[in-house]
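Start from the sequences and build out the full structure, keeping to the hints where you can.
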Amino acid sequence: MRLMERGAKLMRMLRRWLLPLLVLALVACKPPGAEPLDAEVSIEPWPPQVRKSLIVVRVPPDLDVVELKVVGDMTHAGMIPVHGEGERQEDGTWVVRDFDINMRGDWILTITAKDREGKTYEKEVRFTVR
Amino acid sequence: MRTRIDLLRWPLIGPFLRWRYSRFVLQLPLLLLALLAIYDGFVGRQLAPKNLATVSVWLHYRGLLVLAIALVGNLFCSACPLMLTRGLTERLRKVVPQLTWPLALRNKYLVIAITLVYLFAYEYFDLWASPWLTAWLMVGYFGAALLVDAFFPAGTFCKYVCPLGNFNFTLSTVSPTQISVRDRQVCLDCEGHYCVNGRVDTPEGPRPLAFHAEAEGTRYPGCETRLYAPEIKSNFDCTLCFNCVRACPYDNVTWEARNPAREWAGVRYRIDYVWLGVLLFFAGFMNAFAMIPAYYTLAERASELLHTRNEALLLALAFAVWVGLGAGLTVLVARWASRLAGVAEGGLAAVRRWGPAFFPLAFAMWAGHYAYHFLTGWASIVPVTQQALANLGLPVGEPNWQLAALVPENLLYPLQVFILYLGLMGSAYTAFARARGAGRGVAALPVFLYIAILVVLTLWVLAQPMEMRGTLLDPGSQPGGLK
Numbered sequence: 016m017r018l019m020e021r022g023a024k025l026m027r028m029l030r031r032w033l034l035p036l037l038v039l040a041l042v043a044c045k046p047p048g049a050e051p052l053d054a055e056v057s058i059e060p061w062p063p064q065v066r067k068s069l070i071v072v073r074v075p076p077d078l079d080v081v082e083l084k085v086v087g088d089m090t091h092a093g094m095i096p097v098h099g100e101g102e103r104q105e106d107g108t109w110v111v112r113d114f115d116i117n118m119r120g121d122w123i124l125t126i127t128a129k130d131r132e133g134k135t136y137e138k139e140v141r142f143t144v145r
Numbered sequence: 086m087r088t089r090i091d092l093l094r095w096p097l098i099g100p101f102l103r104w105r106y107s108r109f110v111l112q113l114p115l116l117l118l119a120l121l122a123i124y125d126g127f128v129g130r131q132l133a134p135k136n137l138a139t140v141s142v143w144l145h146y147r148g149l150l151v152l153a154i155a156l157v158g159n160l161f162c163s164a165c166p167l168m169l170t171r172g173l174t175e176r177l178r179k180v181v182p183q184l185t186w187p188l189a190l191r192n193k194y195l196v197i198a199i200t201l202v203y204l205f206a207y208e209y210f211d212l213w214a215s216p217w218l219t220a221w222l223m224v225g226y227f228g229a230a231l232l233v234d235a236f237f238p239a240g241t242f243c244k245y246v247c248p249l250g251n252f253n254f255t256l257s258t259v260s261p262t263q264i265s266v267r268d269r270q271v272c273l274d275c276e277g278h279y280c281v282n283g284r285v286d287t288p289e290g291p292r293p294l295a296f297h298a299e300a301e302g303t304r305y306p307g308c309e310t311r312l313y314a315p316e317i318k319s320n321f322d323c324t325l326c327f328n329c330v331r332a333c334p335y336d337n338v339t340w341e342a343r344n345p346a347r348e349w350a351g352v353r354y355r356i357d358y359v360w361l362g363v364l365l366f367f368a369g370f371m372n373a374f375a376m377i378p379a380y381y382t383l384a385e386r387a388s389e390l391l392h393t394r395n396e397a398l399l400l401a402l403a404f405a406v407w408v409g410l411g412a413g414l415t416v417l418v419a420r421w422a423s424r425l426a427g428v429a430e431g432g433l434a435a436v437r438r439w440g441p442a443f444f445p446l447a448f449a450m451w452a453g454h455y456a457y458h459f460l461t462g463w464a465s466i467v468p469v470t471q472q473a474l475a476n477l478g479l480p481v482g483e484p485n486w487q488l489a490a491l492v493p494e495n496l497l498y499p500l501q502v503f504i505l506y507l508g509l510m511g512s513a514y515t516a517f518a519r520a521r522g523a524g525r526g527v528a529a530l531p532v533f534l535y536i537a538i539l540v541v542l543t544l545w546v547l548a549q550p551m552e553m554r555g556t557l558l559d560p561g562s563q564p565g566g567l568k
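Going down the list, the sequences are from chains A and B. Add 15 to the 1-based position in the first sequence for our numbering, that's all there is to it. Add 85 to the 1-based position in the second sequence for our numbering, that's all there is to it.
A couple of the hints might just be wrong.
Unchecked claim - Computed beta-carbon distance windows for the label pairs: (1) Val65(A) <-> Arg178(B): 53 to 59 Å; (2) Leu496(B) <-> Trp61(A): 31 to 37 Å; (3) Arg141(A) <-> Ala401(B): 22 to 28 Å; (4) Thr556(B) <-> Ser57(A): 20 to 26 Å; (5) Thr556(B) <-> Trp61(A): 14 to 20 Å; (6) Lys134(A) <-> Leu190(B): 54 to 60 Å; (7) Arg311(B) <-> Gln64(A): 54 to 60 Å; (8) Arg141(A) <-> Leu417(B): 42 to 48 Å; (9) Pro60(A) <-> Gly409(B): 40 to 46 Å; (10) Gly409(B) <-> Pro75(A): 53 to 59 Å; (11) Ala379(B) <-> Gln64(A): 16 to 22 Å; (12) Ala346(B) <-> Asp115(A): 41 to 47 Å; (13) Ala401(B) <-> His98(A): 35 to 41 Å.
Keep in mind that the hints were calculated from the coordinates and are not lab data. The beta-carbon is built from N, C-alpha and C at its ideal position, and this holds for glycine as well.
Shown next as structure tokens:
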């Protein structure tokens, strides 16, 4: 009986204090993210259409990029992201071929570049497909 | 004599729901999820498909909500974490004046207005695309529940303000379960009406909590939305909190399996309840229509015609025209049906008679739409939760974003068609049962035709390619590349 009373008291205390305590517990430091990527991005064809497209990324010449990935997300939760691997061209630009823009609407491209030291750089661009 | 199945007699379920902390146990996971979602919405990446705020609210909450309503009942009100503000509410009540909810607002019209404003805001501010705004929406909800229930009697927020709760109430008219009583005579002999008034177990025996608020003893609150268990004929206003079950000292309250068609055919709803059902169908249609190219084409035409590029104005106009048209046509069709039935009644009385035919269809409309989004991205809750926890510094591994879609896309439209047909059948049954009740089956024909046309229109909308765009009017192409 005493145990039950203690349990009930604990539950009452939890109900009363849980919300403020959890709010405080969630105030934590966000881990550092990637560095910003100062790149120029273009899509061919332009204006973008629902079809497989070419993404061209020009990274600054002082950045020794060894890997570049492009992820396309729509602005609605639950939509399937589209992934593309960049290929380095002789002129130093990176291209992603057959990038499948598969639905009309607002898109966000996230370009992630990795340099020789493993440091990552990120850029986000937005466009609309009509 | 029909067989009655009381789910409270089932092992585990009954004892659990009778336990006074069962609701808290149900609320706790949703509260933790809500807090994590709010945190991620504010500080996480502002990308809707990759943020817990937008994924949990616009995908999982909505998808699981309609699934729970269809299979069991209004479980989300049951587990509503907003009610965990009660601890703070009780403290605030000691310092703020206690007011009574105005008589003029003791109906669903305020909820209808809030729902329309909310749906307008959803489209205008692209809430679905913004984790930050979604997090604010959640915070606003907690704040509104706290404030309303601090100044007004408990349950006021649920019954008269909360658009989500009232959405759940309306849609749960299709649910296969309902609170009822085992023996009505026990209720007739009961002086305490504990299911509504609550119970406090004093040394002298049980007393109604509402009239013995200061008495010492274990307390079991009654129904906060003031439903008297033996009078319950519908799931409207029932938050499925099971307070009535725990408060009844005679163990006379049941949670029964039922055929919802009995409710559609037999219950005479108040007119404000019916309007809420009708509005939810037309608003649901608008919500789906706003995601297809035809909507944007119409917006461009309206913009040219009215010589304005003001999106707020055009959107408000679209809402007003569509919902107004829906309400107007519903009155005309209902009057026509009443005339065929040989009943001389005004437009509102006719809507009250025939409008409940919209309840199954309103459910099907939202269920079809939500099912699409939920099934295309149901597994995305795993990587977004991982990412949100990782932001808190927890070692949860690398999120796998390919988990977003695990249901073949070619199954989605047939599923939506199936849901819509079920809704049409439910609505047709309601219309014909009500017509038979009025003495002339043929009177249901205008309602049936009206609803069938709306279903065809809905199927057309759902068959269109989606265009999820944040701007109503064509934003135009930026020349050159993207910076």
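Evaluation of the provided hints:
1. Val65(A) <-> Arg178(B): 53 to 59 Å: holds (56 Å)
2. Leu496(B) <-> Trp61(A): 31 to 37 Å: holds (35 Å)
3. Arg141(A) <-> Ala401(B): 22 to 28 Å: The hint (22 to 28 Å, Cβ to Cβ) holds, given that arginine 141(A) and alanine 401(B) are roughly 26 Å apart.
4. Thr556(B) <-> Ser57(A): 20 to 26 Å: For threonine 556(B) and serine 57(A) the Cβ distance comes to about 22 Å; the hint holds.
5. Thr556(B) <-> Trp61(A): 14 to 20 Å: Given about 18 Å between the Cβ atoms, the range holds.
6. Lys134(A) <-> Leu190(B): 54 to 60 Å: holds (59 Å)
7. Arg311(B) <-> Gln64(A): 54 to 60 Å: The hint (54 to 60 Å, Cβ to Cβ) holds, given that arginine 311(B) and glutamine 64(A) are roughly 57 Å apart.
8. Arg141(A) <-> Leu417(B): 42 to 48 Å: holds (45 Å)
9. Pro60(A) <-> Gly409(B): 40 to 46 Å: At 42 Å between Cβs, range holds.
10. Gly409(B) <-> Pro75(A): 53 to 59 Å: holds (56 Å)
11. Ala379(B) <-> Gln64(A): 16 to 22 Å: holds (18 Å)
12. Ala346(B) <-> Asp115(A): 41 to 47 Å: Given about 46 Å between the Cβ atoms, the range holds.
13. Ala401(B) <-> His98(A): 35 to 41 Å: holds (40 Å)
Consistency note: the structure conflicts with none of the earlier hints.
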